[in-house]
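Sequence order for the protein chains is D and F.
When the count follows this note's numbering, it moves up by one through the first sequence with no breaks and lands on 194 for the last residue.
When the count follows this note's numbering, it moves up by one through the second sequence with no breaks and lands on 194 for the last residue.
Please note: incorrect hints may appear among the correct ones.
The list cannot tell twin chains apart, which means a pair is met if one copy fits it or any two copies do.
To be verified - Under the rule of at most 30 Å between Cα atoms (straight-line distance), these lysine-lysine pairs were calculated in the BS3-like manner:
no., residue 1, residue 2
1, K110, K176
2, K176, K193
3, K193, K110
4, K125, K183
Hints were generated in silico from the structure; no laboratory data involved.
Since this is a predicted model, take the numbers as computed values, not measurements.
Chain residues, written in single-letter form:
2 protein chains.
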Amino acid sequence: MSDSIVNRIQRRRGDLFAEACPSRSVLEHVTSRWGSLVLILLRDGTKRFSEIRREIGGVSEKMLAQTLQALEGDGFLTRKVYPTVPPRVEYTLTPLGHDVSEHVLVLALWVEKNLGEVMKRRESHAASRKN
Amino acid sequence: MSDSIVNRIQRRRGDLFAEACPSRSVLEHVTSRWGSLVLILLRDGTKRFSEIRREIGGVSEKMLAQTLQALEGDGFLTRKVYPTVPPRVEYTLTPLGHDVSEHVLVLALWVEKNLGEVMKRRESHAASRKN
Numbered sequence: 064m065s066d067s068i069v070n071r072i073q074r075r076r077g078d079l080f081a082e083a084c085p086s087r088s089v090l091e092h093v094t095s096r097w098g099s100l101v102l103i104l105l106r107d108g109t110k111r112f113s114e115i116r117r118e119i120g121g122v123s124e125k126m127l128a129q130t131l132q133a134l135e136g137d138g139f140l141t142r143k144v145y146p147t148v149p150p151r152v153e154y155t156l157t158p159l160g161h162d163v164s165e166h167v168l169v170l171a172l173w174v175e176k177n178l179g180e181v182m183k184r185r186e187s188h189a190a191s192r193k194n
Numbered sequence: 064m065s066d067s068i069v070n071r072i073q074r075r076r077g078d079l080f081a082e083a084c085p086s087r088s089v090l091e092h093v094t095s096r097w098g099s100l101v102l103i104l105l106r107d108g109t110k111r112f113s114e115i116r117r118e119i120g121g122v123s124e125k126m127l128a129q130t131l132q133a134l135e136g137d138g139f140l141t142r143k144v145y146p147t148v149p150p151r152v153e154y155t156l157t158p159l160g161h162d163v164s165e166h167v168l169v170l171a172l173w174v175e176k177n178l179g180e181v182m183k184r185r186e187s188h189a190a191s192r193k194n
């Protein structure tokens, strides 16, 4: 069987240190302010747009829609529209999305747990710059 | 001993889902395009500014300086200036930075390893939207 260029590229690992590598956009989608929270939230199960928006403090409708679209495009979640009035739109993690969300969660939990420590460093750093 | 407000806040866990929680800025510093790569790179040991810049494809001097400043302010790395001409500036992970960098690395390796899978999903998603 012939090996298309696309197939060959698809087998290659990404390289985040290379300027043109698309892995950078993938990392950005899963770690963006809203992307990371969406991935963590959907680990609980399927949720509607309105539920997601309610649970993530401060996200605008537009930013949430863009975030969900990026994660859907990368295959991390599926979007299902039910023909009700108004239409019900639901989002569910794919197995790939569930997989990456685990690593995002571990990092997020580390940040939440160590926030006090970081805030102390911020304060002493700010104080040292005043002297 | 009295328990200052600062101490009480510092003992509290962060909550990434809360709009005003500073944990969001910490997560952003460690997962930003350049922040994540700096943390991973410095796991190899102390590096100079110019070395870091050379190893991270596409980063500008200004963006790298901002990134390093944010990570230093959060206590994830230390900056040491040697009074040579021109001054030599070196960056080293703190134990806290080493700790968080491990989780960033696991996530980054997942993204690099699964890039082919994501690119396939991107293509089929783009194709399905054309129909």
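Hint-by-hint comparison with the structure:
Taking the shortest alpha-carbon separations for K110 and K176, both the intra-copy value of 26 Å and the inter-copy value of 28 Å come in at or below 30 Å. For the identical chains of this complex, K176 and K193 are intra-copy neighbours only, at 28 Å inside a copy versus 44 Å across copies, given an alpha-carbon limit of 30 Å. In the homo-oligomer, the alpha carbons of K193 and K110 lie at most 30 Å apart only across protomers (26 Å), although the nearest pairing inside one protomer, at 47 Å, exceeds that limit. Taking the shortest Cα distances, K125 and K183 sit within 30 Å of each other only across copies (26 Å), while inside one copy they are farther apart (35 Å).
In this structure, every one of the numbered hints holds.
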